[in-house]
Amino acid sequence: MPESTNLRLRLPLLCIILEVILIILFGTLVEYNHDTDAKLWNKGINQNATRHDYENEFYYRYPSFQDVHVMIFVGFGFLMTFLQRYGFSSVGFNFLIAAFSLQWATLMQGFVHGLHHGKIHVGVTSMINADFCTGSVLISFGAVLGKTSPVQLLVMAIFEVTLFAVNEFILLSVLGANDAGGSMTIHTFGAYFGLMVTRVLYRPNLDKSKHRNSSVYHSDLFAMIGTIYLWMFWPSFNSAITNYGDPQHRTAMNTYYSLASCTLATFAFSALVSPEGKLDMVHIQNAALAGGVAVGTAGEMMLTAFGSMIVGFLAGTISVLGYKYLTPILESKLKIQDTCGIHNLHGMPGVLGAVVGAITSAMASKEVYGNGLHRVFADAKDDKWDPQSRGGFQAVSLAVTLAMALLGGLVTGFILKLPIYGSPPDTHCFEDGLYWEVPGEEEGHNELKEVASPSETEKLSS
Amino acid sequence: MPESTNLRLRLPLLCIILEVILIILFGTLVEYNHDTDAKLWNKGINQNATRHDYENEFYYRYPSFQDVHVMIFVGFGFLMTFLQRYGFSSVGFNFLIAAFSLQWATLMQGFVHGLHHGKIHVGVTSMINADFCTGSVLISFGAVLGKTSPVQLLVMAIFEVTLFAVNEFILLSVLGANDAGGSMTIHTFGAYFGLMVTRVLYRPNLDKSKHRNSSVYHSDLFAMIGTIYLWMFWPSFNSAITNYGDPQHRTAMNTYYSLASCTLATFAFSALVSPEGKLDMVHIQNAALAGGVAVGTAGEMMLTAFGSMIVGFLAGTISVLGYKYLTPILESKLKIQDTCGIHNLHGMPGVLGAVVGAITSAMASKEVYGNGLHRVFADAKDDKWDPQSRGGFQAVSLAVTLAMALLGGLVTGFILKLPIYGSPPDTHCFEDGLYWEVPGEEEGHNELKEVASPSETEKLSS
Amino acid sequence: MPESTNLRLRLPLLCIILEVILIILFGTLVEYNHDTDAKLWNKGINQNATRHDYENEFYYRYPSFQDVHVMIFVGFGFLMTFLQRYGFSSVGFNFLIAAFSLQWATLMQGFVHGLHHGKIHVGVTSMINADFCTGSVLISFGAVLGKTSPVQLLVMAIFEVTLFAVNEFILLSVLGANDAGGSMTIHTFGAYFGLMVTRVLYRPNLDKSKHRNSSVYHSDLFAMIGTIYLWMFWPSFNSAITNYGDPQHRTAMNTYYSLASCTLATFAFSALVSPEGKLDMVHIQNAALAGGVAVGTAGEMMLTAFGSMIVGFLAGTISVLGYKYLTPILESKLKIQDTCGIHNLHGMPGVLGAVVGAITSAMASKEVYGNGLHRVFADAKDDKWDPQSRGGFQAVSLAVTLAMALLGGLVTGFILKLPIYGSPPDTHCFEDGLYWEVPGEEEGHNELKEVASPSETEKLSS
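Residue numbers (numbering that gives the first Met the number 0), protein chains in the order written: chain F, 0 to 461; chain A, 0 to 461; chain C, 0 to 461.
Among these hints, one or two may not hold up.
As the list claims (entries may be wrong) - Keeping only pairs whose Cα atoms sit at most 25 angstroms apart, straight-line, the calculated SDA-like set for lysine to any residue is:
hint : chain 1 : residue 1 : chain 2 : residue 2
1    : F       : Lys38     : C       : Asp385
2    : C       : Lys209    : F       : Pro386
3    : A       : Lys38     : F       : Ala361
4    : C       : Lys416    : A       : Thr326
5    : F       : Lys365    : F       : Leu333
6    : C       : Lys38     : A       : Ala377
7    : F       : Lys323    : A       : Val367
8    : F       : Lys383    : A       : Lys38
9    : A       : Lys365    : C       : His120
10   : A       : Lys38     : F       : Met362
11   : C       : Lys323    : F       : Arg7
12   : F       : Lys323    : A       : Leu12
13   : F       : Lys38     : C       : His373
14   : C       : Lys323    : F       : Val19
15   : F       : Lys42     : C       : Lys365
16   : C       : Lys323    : F       : Ile15
17   : F       : Lys207    : F       : Ile328
18   : C       : Lys334    : C       : Asn204
19   : C       : Lys209    : C       : Asp385
20   : A       : Lys416    : A       : Thr4
21   : F       : Lys42     : C       : Lys334
22   : F       : Lys416    : F       : Lys365
23   : F       : Lys42     : C       : Lys207
24   : A       : Lys38     : F       : Asn370
25   : C       : Lys207    : A       : Glu275
26   : A       : Lys209    : A       : Val199
27   : C       : Lys38     : A       : Val199
28   : A       : Lys323    : C       : Leu17
29   : A       : Lys38     : F       : Gly432
30   : A       : Lys383    : A       : Ser172
31   : F       : Lys42     : C       : Ala377
32   : C       : Lys323    : F       : Gly432
Hint data in this document are derived by calculation from the structure and do not stem from the laboratory.
With the hints as constraints, model all of the structure from the sequences given.
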């Protein structure tokens, strides 16, 4: 194993320094919010009995939060275990960078979204938002999967989380955009950021690790655990931070129908693009999820089941076609080595979602939404509210997101190129053994065989 | 690979046509219900402040819905991965037919359960009901697992969902039956429908694929993921659409105790029926779940923990005995090739659940239920309500369900027998390679192939 | 296979006798509580409309219950599948003893915590408490994993559940301790009980099974399923039975931050203690969870995110160091063979959690908690309430727990030493084949071996 990838000092040092900084910043800046603070929540509880415990935001948001949490840690983590010799890293580094990012995101989002008397207030909503931001980092991780050290990934997360918070602030607070499920803020941003990073980190000799850059039978089944959890809980993801009541309910349902339709499109086109008419696990694992991405903006609107299903069908279709035809071109022509094909799962469907969101916003009306209009479009309380210009702002939001992601990815990519992070050599990409004690490897022969042999021998002789 | 199983045109065509039909029908027929529509939910929100967001059905039902959703996609999907070479198809086809069925079920159930001014109203309750109907199709899938093409499965789903909706309508609306957890509508129906289909599709030469019709070590562990999720979330399944408050709470708890008791019975009888006293994974994976099936009807009633545990114990016992003694007879004498043994997990326990439900209904009284009586038995509001006749209607419901399932399965079986669906030949049943790109096969030196070959060779020569 | 381990009579007999006893006791002693009983819940529903269905404890507790349930059955079950040839037993015996323990715990906890007119009242809160008690048994299972028969494990569960209930009663009811997440009652108790049992069952010749007492690549991935679920749902675990409103909300959030911080510490120290700077799956699978254990007592208090992160960081650190340096010493010097290293995951972090809880209690004040004080510290309603003495009682609670666990484990260990339970011989520890029908073994040729060899050959020669 090359010395240059030994992480004994680099990784502990980085982790400990980051966590100490986080702890100090949390100690000075973070406070319980109204619904988590014993004093604030119970203020006036004796005088005024009209507030009840079930009104605590915990009961509205926590089940959704847990579903989102599962998507972040199991969904993303296992989805990436499809590689034959990179399961430990997929789940493990996903775990590490998510655990870091959610803490860092709490601070960054707290900063830009407004301090309360100099303090960041936290509760279940900030936890969901932190998980969302983390999702964006994990999307980018998919592009560089197998080609980066955990130190690099943590450095990437530092920058990406920061930029995510800034972009989110511009979209939601400056441009007043709607993006509850993050078609733009999470998926488009995470995808194009990651694609730019992997472009800068281009490895002309990645072929040397080609034999490991594919799945085996069991690793594909592990990956399906990730896929199915993402698929099932996407309705919770898109609805997790919408307004209470009808918007949350509607968003979950729209997402449910979009995903169902997307799944049929995915199976259809996966078989169609194969000369033998065979289904490809890569498509099923990924493209079937594009329907969730593509209703991330419009899901809370009156998109209807009908609209959701059309969007889902389109998303599944472009995603499969992207895997089949676009990914090879991106690699050969644009030198973008996108391990998980995030462009097909998050990039294009994210842009589609942004466009659908802009159109659906532009079509909003008091007639359709009634008194519920301002619960979806916050600025509709204002009499001068104009859906067309709202649609325009949504489109601008997409442009801003793309610019921020590409620029941010470019800068971050060059920072990650410094030869100090223990990045794997071209010959040892997609290989757990570089950063993990892989069972039995120490003795120089395969554990699986050794393991089987003695027990076998014994059995036969008994 | 035989040309006859090439799905390149058949599968895409069917998927696309079905989805287009679904989209058109959703566009013309489906509307948001009161709790998902922005206008309806927020109507009068200014005049009348007594309705609160937490009263939206979303907060009562969505956590249960997500648990049901996990059972449908992870539970059923992974439970069937026990076959050594059929994991992709188990999870994948489960995914495909579930995604189709839930859309189709929304329409069929909407039709028969009553349109609102010509429209089907959808919300979280319709989503749960659609998932329930899908569960029934997946039960039938268990009987024909490994012996059908995805095209056949989709065709089966079209018919089964339709009949399910009709049967459900007869039971719940015509006969006024109770069946919140679906002992009859879901389990009995799905099981006997599937058993009849597999009977009609009988393959005398299935022995040619015998060496693949069994598990390997890791596939049994994947299957346990399915088992455990089904087991854990069954309380949510049975309680998902009961009335709010005590019925939902009680149903979850009754199911919890039934399953716990069932598990002890399963381990006991699994060891007892083995000459070496060894536990059999097939029993643990399946029979331990029978307790959930068997309280699907009576779970919402005042069955008590005591009653639930007796029912669970019985269910586990008959299920293990069924796997050990009945399944081989069904295959040899009745020519019913039941891959997953759904007769033991869903068939007999479903019938048991129907009987238990009839008895428990017949024993209901104002004395035990107090003012809660009509919240379990809707027609108890009527003064002439008579528990004995209620019990009778429950028994009739079982008979109707069996008749509908067997007849429906018979007809559907013959439709599925047409030689146009790309069904696998007898020599290639239980084999993913027929319909899936199995990793690396193209290059001819795939790890999996190497891996598979010797074991294959050896088996053939042994 | 040695005759002495044949369970054909022993296991069925024990399971059936236990379940019959349980059913009889449930029949005579257990009743629905106010929120699950049709009559009680709907009492006066006509006269008084102020009680609403959403006030049923089901809606406050059931989502948390399901998360806890997943931790017990998937979390613990899969975490222990890391052993190469013990996956069936890990998930399967976990399943069996959990299903038994939760029933037995309902009775034992019901007895000691107070009968209502001679009856035990059950509802979702008793279900959570029963699952908690079960967790304690599963922790002890981790110490003896691979070295005990299922009969032994059930016998252990009988005693441990009973003692757990007594200890819990002393802590919560006599000493008035706070321990919502069970740092003491669950983790410290389960760990030291299990360590003492494994000490008594010491096997000097366990080396004979050494080659099976380790992981393989895929078994480590299965174990990560357990780890990640435990990690994600620990916030629900610690908050499941706190008071409604701010305490539940705050506990979940404190646990979330503690775990995130713990994860960074775990990765840091795992790399640091490895000469090659490589991460060790054992640490990641286990130590990353110590942060949840360590805020089990103080989580509901005003610990702040800052405090939680410090505690989590410490917990991860001592846990990794424990695995690396202490476990080998415990085995060689104290003859404690701790298969899963529960001392590092539950023992030390549990004690840390108890200490943190005592300190945080002692620092509680009306100033910080306002009117919420008595919602965390029940006896704070009393004017004479003194935080320092409260802290003292917390410390006494830890001492009582340690004493009960060690003494109970000692006695139980000797009971389990009787040669009547079909315990595995030293040569066949960590081996599923002893108690399970393992696929393919009948034909005398191990699938696993065939599969591994050729791919290995190619790798070596390439």
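Consistency of the hints with the structure:
Among the hinted pairs, Lys38(F) with Asp385(C) is consistent with the structure: their alpha-carbon atoms are about 18 angstroms apart, no more than 25 angstroms. At roughly 70 angstroms between alpha-carbon atoms, Lys209(C) and Pro386(F) are farther apart than 25 angstroms, so this suggested pair is violated. Between the alpha carbons of Lys38(A) and Ala361(F) the distance comes to roughly 18 angstroms, so the proposed pair stays at or under 25 angstroms and holds. At most 25 angstroms may separate the alpha-carbon atoms for a hinted pair to count; Lys416(C) and Thr326(A) exceed this at roughly 40 angstroms.
Straight-line distance between C-alpha atoms of Lys365(F) and Leu333(F) comes to about 46 angstroms, which puts the hinted pair past the 25 angstroms bound. Taking the CA atoms of Lys38(C) and Ala377(A), the gap is near 16 angstroms; set against the 25 angstroms cutoff, the hint holds. Proximity of Lys323(F) to Val367(A) is assessed by CA-CA distance (about 64 angstroms); at most 25 angstroms being required, the pair is judged violated. At roughly 20 angstroms between alpha-carbon atoms, Lys383(F) and Lys38(A) fall within 25 angstroms of each other, so this suggested pair holds.
Between the alpha carbons of Lys365(A) and His120(C) the distance comes to roughly 21 angstroms, so the proposed pair stays at or under 25 angstroms and holds. The hinted pair formed by Lys38(A) and Met362(F) meets the criterion: a straight-line CA distance of about 15 angstroms does not exceed 25 angstroms. Distance check on the hinted pair: Lys323(C) and Arg7(F) sit about 15 angstroms apart at the alpha-carbon level, within 25 angstroms; holds. Of the supplied pair hints, the one linking Lys323(F) and Leu12(A) holds, its CA atoms being roughly 19 angstroms apart against a limit of 25 angstroms.
A hinted pair counts as satisfied when its Cα atoms are at most 25 angstroms apart, and Lys38(F) with His373(C) qualifies at roughly 11 angstroms. For the hint pairing Lys323(C) with Val19(F), the CA-to-CA distance comes to about 23 angstroms; that is within 25 angstroms, so the pair holds. Using a Cα cut-off of 25 angstroms, the hinted pair Lys42(F) and Lys365(C) holds, with the two alpha carbons roughly 12 angstroms apart. Our distance criterion of 25 angstroms between C-alpha atoms is met by Lys323(C) and Ile15(F), whose separation comes to about 19 angstroms.
For the hint pairing Lys207(F) with Ile328(F), the CA-to-CA distance comes to about 20 angstroms; that is within 25 angstroms, so the pair holds. At most 25 angstroms may separate the alpha-carbon atoms for a hinted pair to count; Lys334(C) and Asn204(C) meet this at roughly 12 angstroms. Distance check on the hinted pair: Lys209(C) and Asp385(C) sit about 53 angstroms apart at the alpha-carbon level, beyond 25 angstroms; violated. Between Lys416(A) and Thr4(A) the alpha-carbon distance is near 14 angstroms, which keeps this suggested pair within the 25 angstroms criterion.
At roughly 55 angstroms between alpha-carbon atoms, Lys42(F) and Lys334(C) are farther apart than 25 angstroms, so this suggested pair is violated. A C-alpha spacing of about 52 angstroms is found between Lys416(F) and Lys365(F), which places the hinted pair above 25 angstroms, so the restraint is violated. A distance of roughly 64 angstroms separates the Cα atoms of Lys42(F) and Lys207(C); the hinted pair therefore is violated under the 25 angstroms criterion. For the hint linking Lys38(A) to Asn370(F), the alpha-carbon distance of about 6 angstroms falls within 25 angstroms, and the restraint holds.
Taking the CA atoms of Lys207(C) and Glu275(A), the gap is about 24 angstroms. The hint holds against a cut of 25 angstroms. For a cut-off of 25 angstroms, the pair hint linking Lys209(A) to Val199(A) stands: about 20 angstroms separates their Cα positions. Only pairs whose Cα atoms come within 25 angstroms are accepted, and Lys38(C) paired with Val199(A) is rejected, the gap being roughly 49 angstroms. This hinted pair checks out: Lys323(A) and Leu17(C) have alpha carbons roughly 24 angstroms apart, not beyond 25 angstroms.
For the given pair, Lys38(A) sits about 58 angstroms from Gly432(F) by alpha-carbon distance, which is inconsistent with the 25 angstroms threshold. Taken as a hint, the Lys383(A) and Ser172(A) pair is honoured in the structure, with Cα atoms around 18 angstroms apart against an allowance of 25 angstroms. In summary, the hint linking Lys42(F) to Ala377(C) is supported, as the alpha carbons are separated by about 18 angstroms, within the 25 angstroms threshold. For a cut-off of 25 angstroms, the pair hint linking Lys323(C) to Gly432(F) stands: about 20 angstroms separates their Cα positions.
Hint compliance for this structure: hints 2, 4, 5, 7, 19, 21, 22, 23, 27 and 29 are broken, all remaining hints hold.
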